[in-house]
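Chemist: Fit chain B to the given chain A structure using the hints.
Protein chains in written order, with the numbering used here: chain A, 11 to 346; chain B, -8 to 708.
In short, the hints are calculated from the structure, not lab data. Heads up, a few of these hints could be off.
Below, in silico cross-link-like pairs of lysine to any residue (SDA-like), each with a Cα-Cα straight-line distance of 25 Å or less [to be verified]: (1) B/K581 x B/Q29; (2) B/K296 x A/E337; (3) B/K440 x A/E335; (4) A/K261 x B/T479; (5) B/K480 x B/V470; (6) B/K301 x A/E337; (7) B/K160 x B/L104; (8) B/K443 x A/K92; (9) B/K301 x B/Y366; (10) A/K171 x B/R371.
Beyond 12 Å from chain B on every Cβ pair, some chain A residues (computed) [unchecked claim]: (11) R114; (12) F136; (13) E168; (14) P186; (15) Q228; (16) A294; (17) L300; (18) K301.
Covered stretches of chain B (chain A as the covering partner; in silico rule of three or more C-beta atoms under 8 Å from a C-beta of chain A) [what the hints assert, rightly or not]: (19) 19 to 28; (20) 87 to 101; (21) 285 to 297; (22) 435 to 449.
Beta carbons: idealized from backbone N, C-alpha and C, even for Gly.
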Amino acid sequence: MNNIITKRDVAGPFVNYRITVTMSLLRTLTHFLFVLSVVYPAFASAATPSVAVIYPDVREPYREVFMEIIRGIETGLGQSVKHYVLDGDDDTPAALSERVHDDRVDLVISLGRAGLSATKQLAEVFPVVIGAVLISPGQAAKGQAGITLTPDPEVFFERLKGIVPNAKEVTVIFDPRQKAWEIERARTAAKTQGLTLNAFPTEDLRLSAELYRKVLAQIKDGSIAIWLPQDNAAMDEQALLPVVLQEAWEKNFIVFSGNLDHVRKGALFSLYPDNFGMGRSLAALALDRLKNGANAAAINPLRDLLLAVNLRTAEHLGLHFPSQERERFDLVFPTP
Amino acid sequence: MYNLFFLLMWFGVTATAKAQEAPLNSDEAELLQMYGGQEMISVATGAKQPVGKAPAVTSVVTAEDIKAIGATDIDEALETVPGLHVARSKDGYNPIYSFRGVSSEYNPQVLMLINGIPITNAYGGNRNNFWGGMPVQAVARIEVVRGPGSAVYGADAFAGVINIITKTKQDINGTEVGGRVGSFDTYDGWALHGDTWAGFDVAAMVEYHDTQGQNSIIDADTQTNFDKQFGTHASLAPGPVNLQRRNFDARLDLSRDHWRFRGGLQHRGDQGASPTSAQTLDPNGRGGSERWNADLNYDNPDFAKDWDVKAQISYLDTSQTTETAFALFPPGAKLPIDPATGIIGGGPLVTFPQGFIAAPSFYERHARFNTSAFYTGFDRHTLRIGTGFNYSSLYDVAAHKNSGINPITGTANPLLPNFSVIDVTGTPYLPIQPVDRKNFFAFFQDEWKFVKDWALTAGVRYDNYSDFGNTLNPRTALVWETRYDLTTKLMYGSAFRAPSFQELYSINNPVNRGNPGLKPETMDTLELAFDYRPRDKLRLGLNVFNYWWKDIIRFIPDVGAPTVTAQNTGLQTGYGTELEAEWQAFDTLKLLGNYAFQKPRDTTLNHDAGNSPNHMVYLRATWDFMPHWQITPQAKWILDRSRVAGDNRPPVADYTWVDLTLRRKQLAEHWEVAFSVRNLFNVNAREPSLAGRPTAAIPNDLPLAGRSVFGEVRLNF
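Excised from the complex, chain A in its bound form (with noise of 0.2 Å):
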């Protein structure tokens, strides 16, 4: 600070007037500032807290589909975030657990399969929420948040509806191992829409094929639609699928799917995850999370999808899109 007394200080009272006056404001504001330097990163770290994300060490195009999803949750928290890679090495629970405490990380979102077991431990101590994995909400730990892979079957219907307003019926062959809470879930939101949800369990693949035949035997119109889960173990893809898919063609119905390669095989549509969204939900959850405690935690379905359609066999089933409704796919097949 500079020292302000002039040779004049010696001369007069209004010096010293002036002196008193900007000392007190001097004082004042160096106390401003100290409380604002003690407030101000309390502030910072409350509105933005630091994220860091774990995924798997993958190669293309593989790579691009978590790129997609942590763009996605940088968009959704306002900045960016940490980049933990599971490429190997520092991998373990200890590493993993030092490393957040070093990098003051206020919560981790992991990614995939090998996100999920790397934080396994870590998860009992500290916030994660889990992605882009297919996970059912009775496999993750309890005060887990998350969103699973798994496309959640109310959107499924209510684009079914938007798509074919004359669907009644839906039918699925299913492996109650790993879809019994999905199913569970599609029922409710069959009821919603309207639909008639008629689920066949069977952990057998030579039953399902069976079950296959008999209800394709007994589809007459096009009300019925068939749906394909997205992984699932009952649905035999090189020697079912292209049955299923040509009696589709030649009975004129319905065949929706999880799997975006089987609508480039013939069946009407599919959803498929949108990255960016799940991303943007992703920071959403984590946000809550941090505010609301792992109380309400819990494991969602996905419901960022985007929509691909194949457009020969809406054709062919006699559907015909305005221009608008083709806006709203994301994909359209064929492609030569």
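Modeler: Okay, now just chain B, sitting in the frame of chain A:
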């Protein structure tokens, strides 16, 4: 029974496939299961653009195909298209893209586009006499349409359309640097960069190519004949061809929202062109060319309710120049010179101590504007309308030569004492005077889904040319979604080939006189096509076609005069079939093959049109035999090439051309190396040379390169 067979197949397939699959970690496996394939993941994340719907039957050669087969020039990629054979012209081995037997020396019957913009040179109607090849690192894919496309593309979309699509930021996504060393002193280098900058998606690409070219021997040339006739020893045959070149290509692609700007340069220099246009050897002449291009594109699929609008404005500056004059006949040649014209004809024998020199240069600029729109407001109809304007100008011509008329004396130059090379630029003695052409066009097309599983497309394009008048070209297609796994198409199209400036306005060459009264060539094609996909991993295609090619422009001797003038006089019809198969046999093995049969007939002479192979077979396998390793053998059989009518030489010998490429990807994560052998079995493959009287100038045809190799390294980061 069928299902049992299929189940057994399935067991066999997965058993072998598992042995060869690259190990995936559990997350990759989970994502793979969910999306159904790596391809789908790329499409879903936008890393890969799904190819748009094409109007006709399109063959697509992707960047992946190009890398797998070890192609270093687009010609090698094009050779894999069914029904297309890349033959060679005597002019420095310029490529002749021969579709379904439609073949001619300057090959103006094929329309080549880069990103939808024609690169036709109006002078020859071709891509330039010093074309110099085109490298492939900047190519995202090549779309080839066989048959007529004038209803959409206008002039010269005749025998076929080749559209080369260059890479965008999404295709590159990062940086790639690479280099290649190969036989014939070939050195290539390239760098690609894709990034975002100031809200733009930017792609920048540079490629460099330097080669001495192959050195096969030409046994005898035109001068050999003249040597016999006039007792000289001037011919340089037998001697090697000269196909050296030094090329530089640069491209910039900027895009944002609905706009895309592209700019590029294709510089070809130090190019040897031996044999010359006179079918003689000249190791010293050098030519070059430059193509500067810029285009601005607007593409808005949501322009207004039911309207998808595109607009494009483009500029192309293309020049072909002679850097070192060509000796069309070598030093020491003695040629009879017509005193009236100063060129070869009836007259005294003159010795050319420097050789018969010709050094022409042609400068053109092309400006184009077009706009088109899809309208989907009518239920079951998809309308497409478009209009545009093209301006083509041969704005400058330069020529040095020592034949013809001397502008100063007005007499035959070679008959002057101590005659030398003269500059006829700016004089009436140029091979052609600067000239331009304006073209206005409009087209309309409707795709009408009139009944379930049936669609009828009908369209027509109107072109008005300032030089030769109007032409109307319709096309129609009936598409039947026959079955779940089968689509059938019946197509009819009419196309036109605009006469080139050379054919219209060539002067001062009595054996090559232009005819301003020429009409365009026309071609009508009828085609039936089947697309059959009995399994998800197997695609089969069958095409059957018949075309009628009329008003073919040929240089015909005039009646009652010693001159030869361009006339619409030829007639050719052709029919044939193409069969293709693509089979992803296992996750790690893809097989591809095609067979083409064509019978082109010169109707006026009632003889096989000649030169094109009646049968072609192509086979290739791409095998990822170990993680990160890929081997691709490919073979092409060129069979049954007749000669043109009046050519008494034995038919052109068949040949089988085999290439093999080995690639190791993701070496230390960022590196990729490859090694390739071209013409693995070192066969003596030849492309037909022109017929001649009394004998062909190059009797033993044009030899292609013997076995050659290259090694390549690239780095991605």
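Chemist: Evaluate each hint against the coordinates.
Modeler: The hints, checked one at a time:
no.: 1; hint: B/K581 x B/Q29; in the structure: holds, 15 Å
no.: 2; hint: B/K296 x A/E337; in the structure: holds, 10 Å
no.: 3; hint: B/K440 x A/E335; in the structure: holds, 18 Å
no.: 4; hint: A/K261 x B/T479; in the structure: holds, 20 Å
no.: 5; hint: B/K480 x B/V470; in the structure: holds, 4 Å
no.: 6; hint: B/K301 x A/E337; in the structure: holds, 17 Å
no.: 7; hint: B/K160 x B/L104; in the structure: holds, 20 Å
no.: 8; hint: B/K443 x A/K92; in the structure: violated, 54 Å
no.: 9; hint: B/K301 x B/Y366; in the structure: holds, 12 Å
no.: 10; hint: A/K171 x B/R371; in the structure: holds, 22 Å
no.: 11; hint: R114; in the structure: holds, 28 Å
no.: 12; hint: F136; in the structure: holds, 22 Å
no.: 13; hint: E168; in the structure: holds, 20 Å
no.: 14; hint: P186; in the structure: holds, 19 Å
no.: 15; hint: Q228; in the structure: holds, 19 Å
no.: 16; hint: A294; in the structure: holds, 22 Å
no.: 17; hint: L300; in the structure: holds, 26 Å
no.: 18; hint: K301; in the structure: holds, 30 Å
no.: 19; hint: 19 to 28; in the structure: holds (count 9)
no.: 20; hint: 87 to 101; in the structure: violated (count 0)
no.: 21; hint: 285 to 297; in the structure: holds (count 4)
no.: 22; hint: 435 to 449; in the structure: holds (count 3)
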